[in-house]
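Engineer: If you want the building blocks of each chain, they are given just below.
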Amino acid sequence: QVQLVESGGGLVKPGGSLRLSCAASGFTFSDYYMSWIRQAPGKGLEFVSYISGLVSTIYYADSVKGRFTISRDNTRNSLYLQMDSLRPEDTAVYYCAKITSKSGYVLDYWGQGTLVTVSS
Amino acid sequence: DIQMTQSPSTLSASVGDRVTITCRASQSISNWLAWYQQKPGKAPNLLIYEASILESGVPSRFSGSGSGTEFTLTISSLQPDDLATYYCQQYDTSSPTFGQGTKVEI
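Sequence lines, in order, name chains A and B. For the first sequence, the positions run 1 to 120 when my numbering is used. For the second sequence, the positions run 1 to 106 when my numbering is used.
Hints may contain errors.
[To be verified] Heads up, simulated DSS-like pairs for lysine-lysine below, C-alpha to C-alpha not over 27 Å straight-line:
# : chain 1 : residue 1 : chain 2 : residue 2
1 : B       : 39        : A       : 13
2 : A       : 65        : B       : 103
3 : B       : 42        : A       : 43
4 : A       : 102       : B       : 42
5 : A       : 65        : A       : 13
Calculated directly from the structure, the hints in this document are not laboratory data. All values derive from a computational prediction rather than experimental measurement.
The following block holds chain A by itself, in its conformation from the complex:
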């Protein structure tokens, strides 16, 4: 069965950095696009970034472009999000999600999320 487990969240000061990880299992990781989705407290969902299986395609939301870097290690079945120059508005639960092969950028499996809090 597909499992996605995020780690690396925590409390960080504005301007600081954090690296999120997502360990994947139960599917052929390198065959799939993967993504990061975030949800600010009490708010809706925001597509942060996605990356293709062979790293040929990468997308960033305008709100994080130039500050966040998505990457993956297909030998370790792992997805990463390097977050630099963090701002209070980046405070959110960050979900790792697998993009289905059935139809476009549809998210068929999600992790449980990891909370990032940016505050002084």
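Take the given structure of chain A and dock chain B to it, following the hints.
Structural biologist: Only chain B this time, still in chain A's reference frame:
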């Protein structure tokens, strides 16, 4: 980016009611629309993709319809387990976006 607008923002209904949630796109997205359910404190769960295709394992009381700019998610007979917030998501472009969500109260 394509803007997605859901209505209503909150919906109160009784067990057994037929419930409809609307999602409108700021431009045509053909049928490239998905619906997710998010229960309190949990990650979202895929319900429907390509506007009307039910994801495997999703109860048949859920259905989706629409194309172009207007879409609906219908729950034919609301159950207590359906207490959740529902989100639409467009994926017509390489910049996918979500609606703001509709909270269903029972």
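Engineer: For which of the previously enumerated hints does the structure constitute a violation, in increasing order of number?
Structural biologist: Checked against the structure, the hints that fail are numbers 1 and 2, while the rest are satisfied.
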